[in-house]
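K.L.:
Chain B: place on chain A using the hints.
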Amino acid sequence: MTKINSPEDLLRMKEEFAGRLNPVYSPDDLTAPVRIRVAMATCGIASGAREVMDYLTEELEKRSIQATVTRVGCMGYCYAEPTIEVTLPGKEPVVFGEVDIRKADQIIEKFIRLGEPVDGIIPLNYESIDK
Amino acid sequence: MTKHKQIRIALRNCGVIDPQAIGEYIARDGYQALATCLTKMTPEEVIDQIKKSGLRGRGGGGFPTGLKFEITRKSVSDQKYVVCNADEGDPGAFMDRSILEGDPHSVIEAMAICGYCIGADKGLVYIRAEYPLAIERLKIALEQAREMGLLGKNIFNTGFSFDIELRYGAGAFVCGEETALIHSMEGLRGEPTFKPPFPSVSGYLGKPTNVNNVETFANIPVIINKGAGWFSAIGTEKSKGTKVFALAGKINNVGLIEVPMGTTLREVIYEIGGGIRNGKKFKAVQTGGPSGGCLTEKHLDTPIDYDNLIAAGSMMGSGGMIVMDEDNCMVAVAKFYLDFTVDESCGKCAPCRIGNKRLYELLDKITQGKATMEDISNLKNLCTVIRDASLCGLGQTSSNPVLSTLDNFYDEYIGHVVDHKCAAGQCKALMKYVVIDENCVGCTACARNCPVNAISGEKKQVHFIHQDICIKCGACYDRCKFNAIEIQ
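Chains as they are written, first to last, in the working numbering: chain A, 1 to 131; chain B, 1001 to 1488.
Think of the hints as simulated: they come from the structure by calculation, not from any bench.
This structure is a prediction, so every number in the text was calculated from the model and none was measured.
Virtual Cβ for every residue (Gly too), placed ideally from N, Cα, C.
Among the hints, a few may not be true.
Said to hold, decoys possible - In silico PhoX-like cross-links for lysine-lysine, where the CA-CA straight-line distance does not exceed 25 Å: (1) Lys1074/B x Lys1207/B; (2) Lys1153/B x Lys14/A; (3) Lys1472/B x Lys1459/B; (4) Lys1365/B x Lys1459/B; (5) Lys1281/B x Lys1298/B; (6) Lys1122/B x Lys1195/B; (7) Lys1040/B x Lys3/A; (8) Lys62/A x Lys103/A; (9) Lys1074/B x Lys1052/B; (10) Lys1238/B x Lys1052/B; (11) Lys1074/B x Lys14/A; (12) Lys3/A x Lys1122/B; (13) Lys14/A x Lys1139/B; (14) Lys1281/B x Lys91/A; (15) Lys1281/B x Lys1432/B; (16) Lys1005/B x Lys1238/B; (17) Lys1207/B x Lys1003/B; (18) Lys1298/B x Lys1005/B; (19) Lys3/A x Lys14/A; (20) Lys1040/B x Lys14/A; (21) Lys1421/B x Lys1432/B; (22) Lys1153/B x Lys3/A; (23) Lys1421/B x Lys3/A; (24) Lys91/A x Lys1122/B; (25) Lys1226/B x Lys1052/B; (26) Lys1051/B x Lys1195/B.
Stated by the list, open to error - Where chain B lies over chain A, by a calculated footprint (3+ residues, C-beta under 8 Å): (27) 6-12; (28) 53-59; (29) 96-104.
Excised from the complex, chain A in its bound form (with noise of 0.2 Å):
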């Protein structure tokens, strides 16, 4: 990893890591890809979020769908573990609860190939900072 020895090297690191983490994508752009987000923290872990992220992870690849999925923190919907957030490209995300790999199945065929809804979408409860 480069060090960073000035707030100028910090906001090159910036430049350069917002680029790969919020990608803009257009909604007809056939190659961007899927971002999915799985909640792992314990508690997510403990409900079984690591079978669902490897699940993912899998069968994504063998059905040839464009995607980056990835381990973050909790969400807050503990009723509701575990928990995905799935962002089409172009599109709002979309939270997704009580996925267990039958629901991961669902949400790849219907929602992400098919744009259709699948049941157990979690709405946005909360502000975010982000301005």
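P.N.:
Then chain B, alone, in the frame of chain A:
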């Protein structure tokens, strides 16, 4: 007016970034605040910003954070320490664990800022060994920060050096008290000592030490980046910003929430929490853990902040919030917390060690239906003695669950003592299983399943439960297919 009831400041990155990738933290303004502090501000200016923000300790005490920084800064010493208290111990609380598992860099960055403010080059995180994932992610984060030069010597080429080590706790509740925590880090017994001197004057190894909670630290980078004015615009007059709560108990949407100070309990329970489970009736909400108290229907519209919760007979605490419905017996709730305190008392001072044990016995007597009115007045007296005579916060607050339930649910105590009845049907000793003669068909299912042979009756005849033998296990009640057994 914002659209949602929640604002995520301390939880801003939880569930958004990969906690094991420092780049994702940097992409979301990570370490910007540290850069600003080190290159553009004097320590006094940083302290001034934190004071102006109105941030108060999120571990429960509510001490103004900026003032604590200032006191530690003014203590003269060759060595000072920054300590992060991650010894989260309240039953049902997991705010700090979630922050450390979801956004460890925010705590690291804030500890470095604190080090700059007070003049320390060493930080310690006291974390309970029961949080293996939080420890693992924190270790990875520390390693990455060191590799990038964000921890270590000469950070941002400013001459400022800072590094952090981990210290593991064995999960003793009292070690969340700062003097006990410091003793535990020194390798001594986790026992509190009398304050003053406060750790900011004489703490770890006798040196000035600034102890803050995980959530307090997580707020600091945002205050620097967005300004004290932005932060202090959120919240109430004396409590600024937001508070994270672990919402648990008989509520539909159990979860981790972050609301602005001043949000009402009603908004938390009914709007964010989605109301009481199974359409039951709300009875109480417990805040502040074993040191806190129960709030009732009449407190539902009280804006949540440090001072209002104390005025209502509870406290903010670290953020555990347990919702209870009509099926919870409040005497049993008080007994549950006392059981916890008796277990966790370090034993150093007599009021806490012996007093809480006696308090527990009195509560047990009440739930057994064997108490008298004299016991109730003894209970009250004992509570005050323990509160006034205990050495540290654990004992000084351990009677709060009893005092607040006595205040708000005196009827229930009387019900147990005078009428020998537990209205919620939770206290086994006061329950009675009886056969409803009209419904009993004499199938013998209950008698065959009773583990202590307390049920007699011939086939196709009405059965009878012998109360002197019955152990109230409920097996008969579960097995009966004819609704012929009721609980009295």
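K.L.:
For each hint given before, does the structure comply? Return the numbers of the non-compliant ones in rising order.
P.N.:
Hints 4, 11, 14, 17, 23, 24, 28, 29 contradicted; others consistent.
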